[in-house]
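Asker: Each chain, letter by letter, is given below.
Protein chains: 2
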Amino acid sequence: MKGFFAGRTLADLGRDLRAGRTSAAALLERALESIDPDLNAFAAVDAEGAAAAARRADEELAAGADRGALHGVPVAVKDVIDVAGLPTGMGSAHFAGHVAAEDAACVRLLREAGAVIVGKTTTHEFAYGASGDVSATGPSRNPHDPARASGGSSGGSAVAVAAGMVPLALGTDTGGSVRIPAALCGIAGFKPAFGTFPVDGVFPLAPSFDHVGVLAATAADCRTAYRALTGSAEPPAPREVRMAWVDGMVPMDAQVEEAVRASFPDLPVERVDLRAARRVFAAIQDAEAYDVHADRVERAADLYQPPTLDRLRRAGRTPGWRYVRAVREREDFTRAVADLLGRYDVLVLPTVPLTAPLIGQRDSDLGPLQPALVSLTCPWNVAGVPALSIPAGFVRGLPVGAQLVGRAGAEHVLFAAAERCAASRG
Amino acid sequence: MKGFFAGRTLADLGRDLRAGRTSAAALLERALESIDPDLNAFAAVDAEGAAAAARRADEELAAGADRGALHGVPVAVKDVIDVAGLPTGMGSAHFAGHVAAEDAACVRLLREAGAVIVGKTTTHEFAYGASGDVSATGPSRNPHDPARASGGSSGGSAVAVAAGMVPLALGTDTGGSVRIPAALCGIAGFKPAFGTFPVDGVFPLAPSFDHVGVLAATAADCRTAYRALTGSAEPPAPREVRMAWVDGMVPMDAQVEEAVRASFPDLPVERVDLRAARRVFAAIQDAEAYDVHADRVERAADLYQPPTLDRLRRAGRTPGWRYVRAVREREDFTRAVADLLGRYDVLVLPTVPLTAPLIGQRDSDLGPLQPALVSLTCPWNVAGVPALSIPAGFVRGLPVGAQLVGRAGAEHVLFAAAERCAASRG
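For the protein sequence lines, the chains are A and B, in the order given.
This note's numbering puts the first residue of the first sequence at 1, with every later residue one more than the last.
This note's numbering puts the first residue of the second sequence at 1, with every later residue one more than the last.
I should point out that these hints are in silico values taken from the structure, not numbers from a laboratory.
Heads up, a few of these hints could be off.
[Said to hold, decoys possible] Estimated spans, in silico, between C-beta atoms of each pair:
hint, chain 1, residue 1, chain 2, residue 2, range
1, B, Arg335, A, Arg108, 56 to 62 Å
2, B, Val99, A, Ala105, 41 to 47 Å
3, A, Pro268, B, Arg299, 39 to 45 Å
4, A, Ala408, B, Asp363, 35 to 41 Å
[Said to hold, decoys possible] Covered stretches of chain B, as calculated for chain A (at least 3 residues, CB under 8 Å):
hint, segment
5, 280-288
6, 319-327
Ideal placement from N, C-alpha and C gives every residue a C-beta, glycine not left out.
Given the sequences, and given the hints that come with them, work out the whole structure.
Answerer: If you want it as structure tokens, here you go:
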């Protein structure tokens, strides 16, 4: 079953709304009807609150108060982001029954843009995992094969968009948690530059790397949402985009690499040691994540899903000096990336080096699953630069993502490159 | 034996120099004669280089080129600070025979101010200890009782000044390493605000807290050196100085506390939990120190003095999440100090809660010696604010220091408070 929003862009919806061919209330109904409980994309649905918001959106539009591209659009929000009056469950028994008192700052941006919040999407427990199948509320399931993981941690958001339940969702991305499920589910996901979206009201994973990002069917819709939420004008499209292929020196499924590379033929190749960036990422993320959870591990370890608890205990043993050294090495890597992004506008590589794993799978042909999943995405959290995953075909019937990385302040170049590629693919 | 410079201020020396009653060359000779090898203040003396510098200083003065208060003044430099062409031994067998290629940035400031560098002063190994008696070149000895430690880690610098070998010395202060030996040797020591003096060319201990500071007989001489090296003009003396006594909730020798308090009677008392600041300090210092030393511990552990190696190994086990939490708690403490320094101009407390321990002593009536020694000084490294230790009498025949803490940018208030106190003591 494909939901209503499959194949409908934000631009389509906006035109229909403004032409009176549909209404926010009708779009909300289509969203609610499209929710397929078997895919477990939603941890909570707010039919009532959403109906009120849709009504307001319709009244405003009728009165000529147009809030822009997201006005009246149904949106889903990852369940580590507070929405006032709704549960924030974090995918964890620790937060069972917890209801948020206030909207997160990024949710306020959504509301100011006129979006209609449909509900909260399933997350890997505390966003601490890239497979999306470890959660107190169960795994989110890949629409392309429900036996397979969505990827994570923003798995529910990716599934909700990929299955056409909503045209847009918010996620969080600390090491790839927006881009990875976007790639594995065959949609687009955008993590802007570090700090672009405020993280107040978002449960922290590793504050040095935590980003809020958007998931939508296409790069164009990610761009539309990004512009609407940041309120920034779109600069003119660049005439020329200098692109390079990044050889990250990381193990990859050869067919995945080939599929992505076929979408970007004839690029110059730059070797960048992404393994070093992943080590930096792991040391910093683990120390910061354990700081967030130390008291909870002490007090009520049993409430964690066992894989999360294992991971946290290992994270707690990261030595302080490794953290200090990683902070230093992060600066080196960030400088190297800045240098590369001085010579090229956009760097291209696969988003994930493999296709969607089976639910419960912990290993892969490339080694332990978790580090393999983030190996190509986390370096851009380390560097804090904008990174976008777009659909790049299929391997063995499963979606594959291409990742485009650019400079902060040159997001329009990144989006232009992505849209040209999509256009050339037809 | 008291050296030539005992009882002579920088102002005295400057007047004599400019009146032609002495010369830089003569002052250097007095310094070299005053060096008492039994006190082990110097790790290296540069008679030849110093003679050349003194000659130049005399020629310049004769030609009317006056570099100011430090022109022609013999100065000693702690042996973790690079002086081009001289050994930087770090008090460690690891750096035996190591000769610095370039001047540290703070040494360049000394030279630009016309100072004559006499030699390098004994340091606690790698500046990683506050007793000053753990060093490949042996302990520096307290001039008030050579069986006792000078305090550290800038022990040799304090001894050189206290015994009248030089009127001024540079030290480094990560948790009190300028102020502690100053207090225990009966002189003044000033750690300016974090970042005031550059640390390039200074061997790091814990970069978050590393400061360069000055040691001299009196607060007035510290002020003179501070002004000369920063090139900053002296603002007019404040009319009123609001002072408070800090009750740091830390164990103290009652007689030490009484002696310091007697110098500052009738101050309002503010309770500040300095124990929490010490825990923050320890977590950050230990993780950063081990980062600096990890490869050396791996490669050649045997070259460390055993107490240093023990300490490093313990430091290496500081968990990363404790470091992360300490960085966060540091912000809280820094804010609390800023609040207090909004209500008062100067905070007063003892510099060290006890008097000079015996050489080799590792324990004290207040618990393990090392944490006791830094308990009252390290909080001001955590907060990064200027702190000055001044002589405050004697207990059981050993010197005691009063510590004055102020706001960055209001150093003149700190010095004014110290000089008024000294004047009132006569």
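Asker: Taking the numbered hints from earlier one at a time, note which ones the structure violates and give those numbers from smallest to largest.
Answerer: 1, 2, 4
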